[in-house]
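Visitor: Those protein sequence lines, which keep their order, are chains A and B.
Take the first sequence: its letters are residues 1 to 258, numbered as in our numbering.
Take the second sequence: its letters are residues 1 to 258, numbered as in our numbering.
One or more hints might be untrue.
Stated by the list, open to error - The calculated DSS-like cross-link candidates involving lysine-lysine, where the alpha carbons are at most 30 Å apart (straight line), are: (1) A:117 <-> B:126; (2) B:110 <-> B:126; (3) B:117 <-> A:126; (4) B:13 <-> A:164; (5) A:13 <-> A:27; (6) A:13 <-> B:110; (7) B:110 <-> B:175; (8) B:256 <-> B:175.
To be verified - Covered stretches of chain B, as calculated for chain A (at least 3 residues, CB under 8 Å): (9) 70–83; (10) 86–92; (11) 132–140; (12) 157–167.
To be verified - Chain B residues, not near chain A, derived (Cβ > 12 Å throughout): (13) 23; (14) 35; (15) 154; (16) 252.
Source of the hints: derived by calculation from the structure; they are not laboratory data.
A quick note: this is a predicted structure, and the numbers were derived from the prediction, not measured.
Using N, Cα and C, we set each Cβ at its ideal position, and we do this for glycine too.
Protein chains: 2
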Amino acid sequence: MHLLITAGGTSEKIDRVRSITNHSTGKLGKKIAEQFLENGHRVTYVTTPYALRPLASTNLAVLEIETTRELEAVLLELFEETQFDSVIHSMAVSDFTTETSLTEDSFIEKLANQLMKEADVSDVTKLIETLYQTIDRIGQNKQPEKKISSDTDRLLLFLKKNPKIIAMIRKKQPKTVLIGFKLLVGVSKEELLRVGLNTLHKNDCDFVLANDLEDISDNQHLGYLINQDGQTQVAKTKAEIATTIVETVESKWRLKNT
Amino acid sequence: MHLLITAGGTSEKIDRVRSITNHSTGKLGKKIAEQFLENGHRVTYVTTPYALRPLASTNLAVLEIETTRELEAVLLELFEETQFDSVIHSMAVSDFTTETSLTEDSFIEKLANQLMKEADVSDVTKLIETLYQTIDRIGQNKQPEKKISSDTDRLLLFLKKNPKIIAMIRKKQPKTVLIGFKLLVGVSKEELLRVGLNTLHKNDCDFVLANDLEDISDNQHLGYLINQDGQTQVAKTKAEIATTIVETVESKWRLKNT
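Can you build the whole structure from these sequences, using the hints too?
Guide: Following this line, the structure appears as structure tokens:
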């Protein structure tokens, strides 16, 4: 098989010296890649600067990206040339990117100006409409900041949604065995499985690995691999998760190709 | 001499899986520390997880922090026990920390509610007062988010000012030779020196190293070491900056101690 594995966490620039980063050590992605390589498969591995990498192998190609936009561009290029047998999308991708930032003073000045001009505070519908339009205008007003001044007590950062990478993966690789990942924090097992299955269906994945940050530590990593019928396989360490994913993808791929 | 050197860049958590990071490789701090160690001095080195470290030495102690609050706590503890002969504060410290985050919808709902209750849009002074109070109330309303939901098109992040570490250093170490750092992006030399000297006086530093991100690359690093009279020494590489700082601190310290 030729697999694409994404791992690590993307960063989004706020200005030239700051960025918002999604934490991910890349340990799980590394383990998954190494097990596939051991089984003789070929792996294209897309990761981020500070994440751990799989041990070198002639069957391994590593590509590095930082932002979600860069990830999108690299994947689109790969998908032009290659139909991957499976895509394992374990990278923690920033849901949001910086739209604009401004000081509290500047924000309030803009808001007050607009309200004085347009607002009718006795009509809630019109007021809310004005507020949405004003926020929209402020958000889209990109004077690129080279370095945000520290000369204000409060700063407002506007973030806007990034493109959904996993939806693009399925669109461009309709036949691949697609594994998505869902990380939540401090929810019940029922909630985790519900949200995981929802992610699976929304993005047309074959499987989703659902996990909770509070069940992850150095020696344990509780993960549920959910299939399209909502059935789950449990794994209790990163090594077990890797084995479960490798075996599941291999058997799914054999089924598809016989 | 016993020196304290800070290097690297702090991070501020947004939620359990994301943070805002100030980029800094730590290369310059490493070079400065190594030159002081070569000259037989003792170095306490405070740095961040992804920054480079000085080569090991029996005269070197390394401490690691992530956030500005952690930096403050570690420094206060060190200052309880030790009067440092010099403090070289090259760490890129986050000016802001996350106060709260909310979706555009939730922000507009809160704002509209408050405006319907209180606002008089014909009176600009009262309107602005209401807006400040509302933003304040929203900012301070900390329902801690474990992981921000991605289910919104726009997210607003409220950041509030961090304590100024360098001011605290001078307060706690009145006699130390204090070197501050000022990084700007894309300004003229005049502006850089003006802002650098301003930083020096505002924080009662002995020297400030002023530099511009656009004059920093792999092989060059243009830096101006400014003294209290506004006189400058120029250095063109990290090694030259390190040498300039080491020589300047050593001679200042000799002057103070003879």
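Visitor: Work down the list of hints and note, for each, if the structure agrees.
Guide: For each hint, the structure was consulted:
Straight-line distance between C-alpha atoms of residue 117 of chain A and residue 126 of chain B comes to about 15 Å, which keeps the hinted pair within the 30 Å bound. Between residue 110 of chain B and residue 126 of chain B, the direct Cα distance comes to roughly 18 Å. Compliance with the 30 Å bound is thereby established for this hinted pair. A threshold of 30 Å between alpha carbons decides the hint, and for residue 117 of chain B with residue 126 of chain A the separation of about 15 Å falls inside it, so the pair holds. A hinted pair counts as satisfied when its Cα atoms are at most 30 Å apart, and residue 13 of chain B with residue 164 of chain A qualifies at roughly 23 Å.
Between the alpha carbons of residue 13 of chain A and residue 27 of chain A the distance comes to roughly 24 Å, so the proposed pair stays at or under 30 Å and holds. Only pairs whose Cα atoms come within 30 Å are accepted, and residue 13 of chain A paired with residue 110 of chain B is accepted, the gap being roughly 28 Å. Between residue 110 of chain B and residue 175 of chain B, the direct Cα distance comes to roughly 50 Å. Violation of the 30 Å bound is thereby established for this hinted pair. Between residue 256 of chain B and residue 175 of chain B, the direct Cα distance comes to roughly 9 Å. Compliance with the 30 Å bound is thereby established for this hinted pair.
For a cut-off of 8 Å, the count of residues in the stretch 70–83 of chain B with a CB near a CB of chain A stands at 0, and the three-residue condition is violated. Residues of the stretch 86–92 of chain B lying with their CB closer than 8 Å to a CB of chain A number 1, which falls below the three-residue condition for coverage. Restraint check on the stretch 132–140 of chain B versus chain A: 3 residues with Cβ-Cβ distances below 8 Å, three needed, restraint holds. A count of 5 residues in the stretch 157–167 of chain B with a Cβ less than 8 Å from any Cβ of chain A is obtained; the coverage claim is therefore met, three being the minimum.
At the 12 Å boundary, the C-beta of residue 23 of chain B falls inside the reach of chain A, the nearest C-beta of that chain being 6 Å off. Against chain A, the non-interface label of residue 35 of chain B holds: every CB pair exceeds 12 Å, the least being about 25 Å. For residue 154 of chain B, the non-interface assignment is contradicted: its Cβ lies about 5 Å from the closest Cβ of chain A, within the 12 Å cut-off. Residue-level check passed: residue 252 of chain B sits 27 Å from the nearest beta carbon of chain A, beyond 12 Å.
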